[in-house]
Each structure stands twice: as C-alpha cells, then as structure tokens.
Amino acid sequence: DAGVIQSPRHEVTEMGQEVTLRCKPISGHNSLFWYRQTMMRGLELLIYFNNNVPIDDSGMPEDRFSAKMPNASFSTLKIQPSEPRDSAVYFCASSPGLATSTDTQYFGPGTRLTVL
Amino acid sequence: AQSVAQPEDQVNVAEGNPLTVKCTYSVSGNPYLFWYVQYPNRGLQFLLKYITGDNLVKGSYGFEAEFNKSQTSFHLKKPSALVSDSALYFCAVPNYGGSQGNLIFGKGTKLSVKP
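Chains W and A supply the protein sequences, listed in that same order.
For the first sequence, this note's numbering assigns the number 1144 to the initial residue and increments by one for each residue that follows.
For the second sequence, this note's numbering assigns the number 61 to the initial residue and increments by one for each residue that follows.
Since the hints were made in silico from the structure, they are not lab data.
Where hints are given, some of them may not hold.
Unchecked claim - Derived coverage of chain A by chain W (criterion: at least 3 residues anywhere in the stretch with Cβ under 8 Å from a Cβ of chain W; other residues may be distant):
no., stretch
1, 102-108
2, 119-125
As the list claims (entries may be wrong) - One-sided and incomplete, this derived list gives chain W residues near chain A with beta-carbon spacing under 8 Å:
no., residue
3, Q1160
4, G1185
5, L1188
6, D1206
7, F1208
8, Y1249
9, G1251
10, P1252
For each residue, glycine too, the CB sits at the ideal point set by N, CA and C.
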C-alpha cells in the first residue's frame, strides 16, 4: 500500500498567488482530513470529508481557503489569495471508517508551504 | 470540551534507559486515546490507541501506554530507548462534543535520546 500521497512536498510562492495542494487517500478509506501544523498553533484540523462529502469545515481559517473532494481518490486544498501567515505544513490524512471516534487516521508526508 | 495535555515540551533520555512521555486527558464520555509519532520532515504515524479493555496497550516499535482512569492519564512508555526513537510525540483524543471524527491533538513532546 502506497499510503497517503500528497503533492507537492514543498511549495514556495509569493503573496497573492493561488496555491493548490493535492492529496490521494489510501484506497478504500472513507474519510479524508486536512490539517495544518505550525509552531505557534500546533496541529489544527481544517476540514474533513466522509464519502467525499464535507462534514466539518469549521477549522477553515477564512474564505480564502477552500477544499474539494470530487471523488474517493482525490482531494484538493486551495488558498486564494495566499498570505505569508498561511506558511505552514499541511497534512492530509485518511481513515477507513466514517470518521468514528475509534478510527485510526493515516497521515501523508505533508506539504511545506512558504508564502513570501 | 475534550482536551489532552502534554505537560513536557521536551524529554531527554539516555539510550538504553526507560522512557516516559506524559499525557493527561479531559473528556466527557468514554475516553478513546491515541498516540502518534512524527519523525523529522515526515507525517504523523500511528503508534497505538486505547479503546476499551486492558489498561496496558502495546503498539508499534516496542512502545506501550498505560491508561489510568483515576489519574486521567495515558502515558507512553518504552523499557529501553533507542536513538532512533528521537521524534515528536502527540497524544490525541476524539472531539466527542463536535464532529466525531475530529482528533484533538496535544501540543507534542519532543523526545531526544542521546547515545
């Protein structure tokens, strides 16, 4: 099993540019999560999907952030326009069940985003 | 509100010595508890979880954790530390009151194992 795949691994962009992060969950998993990790705030859940449907997006910082999951094997997190404070490591994770309390989440390697 | 606390930002251990990384929790309902490890420049990896049953949970890489209901703790332990165990360790609990699938993570404890 290839695990959760994220691309790109590193992204450097300038303020105001659009950024798109991509994630391929583990095949057969029913839930997908987007997290952001910073030194100041630690790990924060941004949004998660069950069966491709967004369930909770209360962690999305503002309207500049959007996420989609057009099918079971692909999700994107888009930031438009990007700002320096968006610089962080963004993780995608998937779990086999429908995000129940006992589910184990499996994380991708992350995308390190730097906004200049 | 559900929460976990990791009281130590960093733990230093000599190789071969036992290690403990502490976690305390505050939850309403059944406490399901998780430990994850993050190696440098990598994503989080699942180590172990407590759902129910035996209070001593065994996980990956020789780690184990002891669930203590009276002390509301779920400390991570290993009898003999390896240099390769040096990493960032996160305790987590599900967000029972909100979205069930949301894991709430502690701030993390950096474990440093010196030869």
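Against the structure, the hints:
1. Residues of the stretch 102-108 of chain A lying with their CB closer than 8 Å to a CB of chain W number 5, which satisfies the three-residue condition for coverage.
2. Using a Cβ-Cβ cut-off of 8 Å, 0 residues of the stretch 119-125 of chain A lie near chain W, which falls short of the minimum of three, so the contact claim is violated.
3. A distance limit of 8 Å between C-beta atoms decides the matter here; for W/Q1160 the minimum to chain A is near 24 Å, and the interface restraint is violated.
4. With 8 Å as the threshold, the beta carbon of W/G1185 comes within range of chain A, its nearest partner Cβ sitting at about 5 Å, so the hint holds.
5. Below 8 Å, beta-carbon pairs count as interface contacts, and W/L1188 has one with chain A at about 5 Å; its hint therefore holds.
6. Here the hint on W/D1206 is broken, as its CB sits about 20 Å from the closest CB of chain A, past 8 Å.
7. A hinted interface residue such as W/F1208 counts as satisfied when its beta carbon comes closer than 8 Å to some beta carbon of chain A; here the least separation is about 17 Å, so the hint is violated.
8. Hint status for W/Y1249: holds, given a least beta-carbon distance of 7 Å to chain A, under 8 Å.
9. With a least beta-carbon distance of about 5 Å to chain A, the hint placing W/G1251 at the interface is held under the 8 Å criterion.
10. With 8 Å as the threshold, the beta carbon of W/P1252 comes within range of chain A, its nearest partner Cβ sitting at about 5 Å, so the hint holds.
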